[in-house]
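Given chain A's structure and the hints, the job is docking chain R onto it.
Here is how the chains run, residue by residue.
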Amino acid sequence: MSEDTRTGITDAARSFGITPEDYMLPARDLIQMVDPEGRLLGAGPGPEPGHDYPVPADEDLLEAYRRLVVGRRINDQNSALVRQGRMAVYPSSHGQEACQVAVAACLEEGDWLFPTYRDTVAVISRGVPPVEAMTVFRGDWHGGYHPGKHKVGIQSTPLTTQLLHAVGAAHAARLRGEDTVVVALCGDGATSEGDFHEALNFAAVFHLPVIFFVQNNQYAISVPLARQTVAPSLAHKAVGYGMAGERVDGNDLVALLAVLERGVRLVRGGAGPLLVEAQTYRIQAHTNADDATRYREDAEVQEWLAKDPVKRMRSYLTGRGLLADELQARFEQEAEQVAAELRNGLNQEITPDPQDLFAHVYTVPTPQLDEQSAQLAEELIREEAS
Amino acid sequence: MSTRQTTSPDAGSVDAVETAVDAARESTTRAGGAGIPGPRPESPVAPVPPGPVTMAKALNAALADALAADAGVVVFGEDVGTLGGVFRITDGLAARFGTERCFDTPLAESGIAGMSVGMAINGMRPVIEMQFDAFAYPAFEQIASHVAKMRNRTRGAVAMPIVIRIPYAGGIGGVEHHCDSSEAYYAHTPGLKVVTPATVTDAYLLLRAAIDSDDPVIFMEPKKLYFAKDRVDLDALKEQYESGDGPRAALESGGAAVARTGTDATLIAYGPSLPTAMAAAAAAQEEGRSLEVVDVRTIVPFDDATVAASVAKTSRAVVITEETGFASVAAEITARVQQRCFHSLAAPVLRVTGFDIPYPAPKLEHHFLPSVDRILDAVDDLQWED
Numbered sequence: 001m002s003e004d005t006r007t008g009i010t011d012a013a014r015s016f017g018i019t020p021e022d023y024m025l026p027a028r029d030l031i032q033m034v035d036p037e038g039r040l041l042g043a044g045p046g047p048e049p050g051h052d053y054p055v056p057a058d059e060d061l062l063e064a065y066r067r068l069v070v071g072r073r074i075n076d077q078n079s080a081l082v083r084q085g086r087m088a089v090y091p092s093s094h095g096q097e098a099c100q101v102a103v104a105a106c107l108e109e110g111d112w113l114f115p116t117y118r119d120t121v122a123v124i125s126r127g128v129p130p131v132e133a134m135t136v137f138r139g140d141w142h143g144g145y146h147p148g149k150h151k152v153g154i155q156s157t158p159l160t161t162q163l164l165h166a167v168g169a170a171h172a173a174r175l176r177g178e179d180t181v182v183v184a185l186c187g188d189g190a191t192s193e194g195d196f197h198e199a200l201n202f203a204a205v206f207h208l209p210v211i212f213f214v215q216n217n218q219y220a221i222s223v224p225l226a227r228q229t230v231a232p233s234l235a236h237k238a239v240g241y242g243m244a245g246e247r248v249d250g251n252d253l254v255a256l257l258a259v260l261e262r263g264v265r266l267v268r269g270g271a272g273p274l275l276v277e278a279q280t281y282r283i284q285a286h287t288n289a290d291d292a293t294r295y296r297e298d299a300e301v302q303e304w305l306a307k308d309p310v311k312r313m314r315s316y317l318t319g320r321g322l323l324a325d326e327l328q329a330r331f332e333q334e335a336e337q338v339a340a341e342l343r344n345g346l347n348q349e350i351t352p353d354p355q356d357l358f359a360h361v362y363t364v365p366t367p368q369l370d371e372q373s374a375q376l377a378e379e380l381i382r383e384e385a386s
Numbered sequence: 001m002s003t004r005q006t007t008s009p010d011a012g013s014v015d016a017v018e019t020a021v022d023a024a025r026e027s028t029t030r031a032g033g034a035g036i037p038g039p040r041p042e043s044p045v046a047p048v049p050p051g052p053v054t055m056a057k058a059l060n061a062a063l064a065d066a067l068a069a070d071a072g073v074v075v076f077g078e079d080v081g082t083l084g085g086v087f088r089i090t091d092g093l094a095a096r097f098g099t100e101r102c103f104d105t106p107l108a109e110s111g112i113a114g115m116s117v118g119m120a121i122n123g124m125r126p127v128i129e130m131q132f133d134a135f136a137y138p139a140f141e142q143i144a145s146h147v148a149k150m151r152n153r154t155r156g157a158v159a160m161p162i163v164i165r166i167p168y169a170g171g172i173g174g175v176e177h178h179c180d181s182s183e184a185y186y187a188h189t190p191g192l193k194v195v196t197p198a199t200v201t202d203a204y205l206l207l208r209a210a211i212d213s214d215d216p217v218i219f220m221e222p223k224k225l226y227f228a229k230d231r232v233d234l235d236a237l238k239e240q241y242e243s244g245d246g247p248r249a250a251l252e253s254g255g256a257a258v259a260r261t262g263t264d265a266t267l268i269a270y271g272p273s274l275p276t277a278m279a280a281a282a283a284a285q286e287e288g289r290s291l292e293v294v295d296v297r298t299i300v301p302f303d304d305a306t307v308a309a310s311v312a313k314t315s316r317a318v319v320i321t322e323e324t325g326f327a328s329v330a331a332e333i334t335a336r337v338q339q340r341c342f343h344s345l346a347a348p349v350l351r352v353t354g355f356d357i358p359y360p361a362p363k364l365e366h367h368f369l370p371s372v373d374r375i376l377d378a379v380d381d382l383q384w385e386d
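These protein sequence lines are chains A and R, in that order. Counting in my numbering, the first sequence runs from 1 upward without gaps. Counting in my numbering, the second sequence runs from 1 upward without gaps.
Hints are supplied without guarantee of correctness; some may be wrong.
As the list claims (entries may be wrong) - Footprint (simulated), chain R over chain A, 3 or more residues, beta carbon under 8 Å:
no.	stretch
1	144-158
2	166-178
3	201-207
4	359-366
Calculated directly from the structure, the hints in this document are not laboratory data. Please read these numbers as outputs of a predicted model, since none were measured by experiment. Glycine included, C-beta positions come from ideal geometry on N, C-alpha and C.
Same shape as in the complex, but just chain A (with noise of 0.2 Å):
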């Protein structure tokens, strides 16, 4: 361990009152604040040091759970424009979408966010305009958002990569002294592929700040999270690389935005890289190419049903009196409006300009490209003759 490291995590544990192992080592139960039906969670057996979560301010919350009503909005409007046959994909992330937002909503304007290809929701509560970052799956090109204008990764489908692209920009940003807070997502098969390993591995010997959440979803397309691990918990992967791991009910937005509020800061102040697990579930299968009834029970889905993160979150603030039928109906015509955005975006018939396919490949395409364009220019035109 590098001297800044032994800092970073003493002074993070030193804070709470334990010792750096328990700093390190996750709850002894999942971080959980409100109940599925909405209510608070009382003392119980009592909070463990250094794993007491305040509940974050009353205009956190109401601005997270504008995003979640948007986020869900988002989903199902997608899962429609897929099913009406305007789109030939989308993992939808329903019933993930307390995660999505609350990623979304403790980073600053300076910070990162690397995500999956099941992130979306994430990745236009971050500020991407809902068709650009819905491009990849509109088909006319891989991407359609400015990574750099946004601060978040390009979305793309090889699993876990993004993680060391995450500790890359993190290191990037530290040496031209930047304070800047990078978070990676990934689901829980990910956590079986090696770049997870060795982007937290290099995350923690940089000491860089850098927060792994992992969407522990239970499948990892049809395989269940029992073939992926056989650890207490995917958070407590982090004390085998010397950082911090914390696991959350993934379901619950208040606990999500209380543990990911207080990781960006600690994070910030040098604490080191955080492994961040929600626990929460993929309501709906794979993509809609996936035949999800193969591999678990509908009995396992009801059940998950009844936690629902968005019912759970307006439950809660409906019962302290901060959401009133008004500003519930004002989120509503919000999440209209983004779908009504998605609807006309995607409908629209684009036609991509078939010489793009040479445009980017190089800085300045080679003279072979140049000729292949050519090539394709001709053929189009003795094919607008005929």
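Leaving out everything else, chain R in the frame of chain A:
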């Protein structure tokens, strides 16, 4: 085929390599299409001729000069810091530029490559070292899926100005996984440029150009030539590089060079095979055959113009590479020459490559490597009697 008893250099011998490199240097013309000018004629006012410089030293100087020229350049990998690299290519860089600009990473090649992607996304210009050819394979997903494709995926919004230095090829009596000629894997991947120097001068100029390129460059260093020497003035080379744009142009549109002029046939080679080709041309001269030697230098982008012009002139060609021949760069070059020079050819284009076998053990590698005899046998087979 005839059996020859020439005094051809053993490919593994440093003396032989130096002889061949001297031959390359002493050739009168290195005129490529968009090629790099050869070493400047010595100025009559310079009283002291430049001393011998190894390719390793030239690469080291190129890295140092690039670090000095651009604050965004960072060098990292395994053992590149304190040790200065297992081949000493990064010797002294950490001491001179600090451990933030030149640093060791954990031992994980995918991690190194993935981190470089994130650093490039966030504005840096990483130069990473893969310790050996076969040790780069764990990084292949990051290289093929992200380094090569990020620019295209983002329609040019995100550049990947990354140089991946790979010591490659055999002839050093190395173990099985230290001797691969892996260039075809990278050359087959659109979005990457693949460059390999054969002379001390080119090592400096091409590496500088690779680091300045906004496209990712796989920079393949023939390890058997690391300690080959040439009389080169590194300060003059630096000035030459910084005041011109020849090497940068070579990386944009291809930069083969005529390493030796001749009239009867063209030997096409690069990197580790160039000295062998030069030695073969020298031996052929004694037999009364005038062979031209073309040094490919940039495998991608390939300089069709320079290669085809030479073969059109000589009417015969042999392509020489150390790689296994099946589905190789040599196969691609052969096809391109055949297609472009069909009407000028007096004989089919032949190839001298490694056999289609795993790299041999040290005591057998001389049977595998292209040798002067094997090249001259191929030249004999170019249908001289027809």
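How the hints compare with the structure:
1. 144-158: Result for this restraint: holds, n = 8.
2. 166-178: holds (count 10)
3. 201-207: holds (count 3)
4. 359-366: The restraint on the stretch 359-366 of chain A holds, since 7 of its residues have a Cβ under 8 Å from chain R and three suffice.
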